[in-house]
Amino acid sequence: MTALAALLVGVFGMAGALARFAADTLFSRAAASGTARTAWPWSTLLVNVVGSFIIGLVCSVTAQSSLAEPWSTSVATGLAGGLTTFSSWTVSTVRLWAERRPVAAVVNLAANLSLGLGAAALGLLLFR
Amino acid sequence: MRTTPGAHLERSGKPPVPPATAWMAVAVGGLLGTEARYGLGLVFPEDGGGVPWTTLAINIAGSLLLGLLTAFWAERAAAPSWLQAGLGPGLLGSFTTFSAVVIAIDQLAAAGSHHVWLVYLGLSLAAGLAAAVAGLALGHVLGRRAAGLAGGQS
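Residue numbers (our numbering), protein chains in the order written: chain C, 39 to 166; chain A, 133 to 286.
Chain C on its own, in the form it takes in the complex (with noise of 0.2 angstroms):
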């Protein structure tokens, strides 16, 4: 069961990665029109607060007791885990500030960490 567990976690998580990278290659290449100077990480805003709102679901399903074990984990922990990242979110943040742009990397701490923590509340409201 456990070994299961450990496995379906891994296939959640590199499904999670792959999401992740195609909305990466998805904004890039809607970007390229623009500037360097306009950039701006929206691909991990939006894999940020999508796996957010999953994690919060699965949290509330979970204590319905209508999703069990591995399932449970290999959502939250695997595809919520692996869609979301924190250190492309920080380093991103760093990057923005070295360009001068610190209206743009504090919009980005306060937008990814305001519209994450959202929905996952909206998650964990959803089946209450």
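Derived from the structure by calculation, the hints contain no laboratory data.
Please note that a few of the clues may not be correct.
What the hints assert, rightly or not - Covered stretches of chain A, going by a simulated chain C footprint (3 or more residues, C-beta under 8 angstroms):
{"no.": "1", "stretch": "230-238"}
{"no.": "2", "stretch": "255-263"}
{"no.": "3", "stretch": "268-281"}
All C-beta atoms in this analysis are idealised placements derived from N, C-alpha and C, irrespective of residue type, glycine included.
Given the coordinates of chain C, work out where chain A should sit on it, guided by the hints.
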């Protein structure tokens, strides 16, 4: 007669779609990064009502390493694209997590543990950003040194 694959993409000015090797590297990196985070959570389980130290440590370490690699590759630009994709978005992107941070803060706040979530949020932001700054600085130094060695004595 146009035989170059992707020539129409170059004309439009868009960055090319990453090659299949990059997607495969992201899949492998995503698997390994997620398993590493899951495994560390099993070895160092988090107490539900306290600061999630394991997630915090993972996110700080991942921010440091991604900063280091980003700056190193910016100096050298020598790594193949599949390696950059596999280690950056793949391994470190999946190793670190944002969703676990916000769900923990939401649940700690709902439980009334306001000092705990404030400490967790403050530490995540301060240490995560400091780690990214340190990683980027270290990557610049290492990248320049590596480029200097590769370029010979000048």
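Hints, verified against the model:
1. 230-238: holds (count 8)
2. 255-263: Answer holds; 5 residues pass the 8 angstroms Cβ test.
3. 268-281: violated (count 1)
The earlier numbered hint that this structure contradicts is number 3, and it is the only one.
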